[in-house]
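Number of protein chains: 2
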Amino acid sequence: MDSSSQFDRDTAVNLRAPGVYDTDLSADWTIFGVVNGGYLLALLGRALGEALPHPHPFSVSAHYLAPSLPGPAVIRTETVRAGRTLSTGQASLFQYAEDGTETERIRVLATYGDLDALPDDVRTSAKPPAIPPYEHCFGPADAPTPLPGSAEITRLLDIKLDPATIGWAVGAPSGKGEVRGWFGLADGRDPDPLSLLLTVDALPPTAFDLGLSGWTPTVELTTHIRCRPAPGPLRVSITTRNLAGGFLEEDAEVWDSADRLVAQSRQLARAPRAS
Amino acid sequence: MDSSSQFDRDTAVNLRAPGVYDTDLSADWTIFGVVNGGYLLALLGRALGEALPHPHPFSVSAHYLAPSLPGPAVIRTETVRAGRTLSTGQASLFQYAEDGTETERIRVLATYGDLDALPDDVRTSAKPPAIPPYEHCFGPADAPTPLPGSAEITRLLDIKLDPATIGWAVGAPSGKGEVRGWFGLADGRDPDPLSLLLTVDALPPTAFDLGLSGWTPTVELTTHIRCRPAPGPLRVSITTRNLAGGFLEEDAEVWDSADRLVAQSRQLARAPRAS
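Chains A and B supply the protein sequences, listed in that same order.
Counted from 1, the first sequence has number 141 at position 142 by numbering that gives the first Met the number 0; the numbering is strictly sequential.
Counted from 1, the second sequence has number 247 at position 248 by numbering that gives the first Met the number 0; the numbering is strictly sequential.
No lab work stands behind these hints, which were simulated from the structure alone.
Model, not experiment: these values are computed from the prediction.
Careful, some of the hints might be misleading.
[Claimed, not checked] Reference excerpt, derived from the structure (chain B facing chain A, CB under 8 angstroms, subset only):
(1) Glu103
(2) Leu184
(3) Ala243
The C-beta atom is built at its ideal place from N, Cα and C for all residues, glycine as well.
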């Protein structure tokens, strides 16, 4: 564990009792005061990695119940099944009201395994997204005025977006529902299976590229980690094909520097009202 | 409830105690003796629809723990959160060993809402799959010899596959990882949000089209129900883009007779060994 990275320090969990972990949600991972959903997922993923007999998240299904705020939290885990190659667990994150009442913020059902034990076969028809070189992409620091997605969390992330997908930042969204770009942690920490849980929910929402602004709260987010990522920058592509009835799906793909598809995710989110 | 349909009779659940339902897994929904995962999902979805304050599944995440067998089962539900427009619940299906021990077969986390209360806006870039007319497609009865996917369940389903995606049935898989076709219940029961949970896991696996035969056990399956389906036949498309490390994802889209994308799902499954 590289404790020199803020990601590792801020996802630390402390065993209080069997399967129960105390933690603290850092205000540095917030967007407009609310804790980022990908950071929460990594926190729950870390607790499950400690509680379960297998080390890596293979499939993590999260249902978001209420916004999480910076401050203390407790994660309760349950080992649902411990198998030979896969194990399944459940984890919930709770925070306290002023009167001491616990409120559940997010609940996760996850299956873990050992990515390093998988065979090397790759037979994929998926292609990495076409993204211009890093130095031709744009980050929050390049914007003439702060972007709508700007927030505390942007200081911790090294995100550079494909210029073709940031028209929304200058009032000209493409309408396609696509955002893609380079992703890294700003302090240079290399990706691992846990940090991929952050990566899938870190880009500005596709809703911006559809010409919608405002909050896009996640209802459900499932992530499949398919491979241990190679060191170096990641490429992330998120797309929305179906905005209907006030909800949209957002599909994310994460590719590593060795051109492997390392993570796939889909979330169901409430769409912002048309602006 | 149209009790003249076997689907409705076989997904009946009987309240035993608050949130606890007795049911019976019908042998008619099996494939090689194992109960179909989509039928199980519909059973759990029905129990949650009775337990939660909202009627329709919006997002259902299922982790499959062990194969289910025909016979008695008990479903235990928990209301995780009851909100104004959405509620979240959890459900587990248990079966009994000969010594009376309960074994959990599948656990589900789900968010429910009211599809009929959603606005009518549709802004989608997704297009229905190009499938030849029903009468130009092929079902199990058209095969010269029983198909590898044949099983009890095929008698209850009216599935006709696009000829372009059934080369595997005559030893010539396309290698693309695509299967698509028409879907209905054989007794003519129209689709509803619950039956869509069956539909997403009812076609022969994409692995067949990749030239692999054998069992493709589901690890995780998340389904989003996006719209109440119009009466009439459904079109289903399933695709696999990434087979790697012994696992594959299978994405399903379900379109109704009114050309609405009514369900989207993704599962992570173990790949069969190369044949």
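At a threshold of 8 angstroms, is the proposed contact between Leu184(B) and chain A supported by beta-carbon distances?
-> Hint violated; Leu184(B) Cβ to chain A Cβ min 25 angstroms, cut 8 angstroms.
Are Ala243(B) and chain A close enough, Cβ to Cβ, to be under 8 angstroms, as the hint says?
-> holds, 4 angstroms
Once the shortest beta carbon distance from Glu103(B) to chain A is found, is it less than 8 angstroms?
-> Holds: closest Cβ of chain A sits about 7 angstroms from Glu103(B), inside 8 angstroms.
Hint violations for this structure: number 2 only, all remaining hints satisfied.
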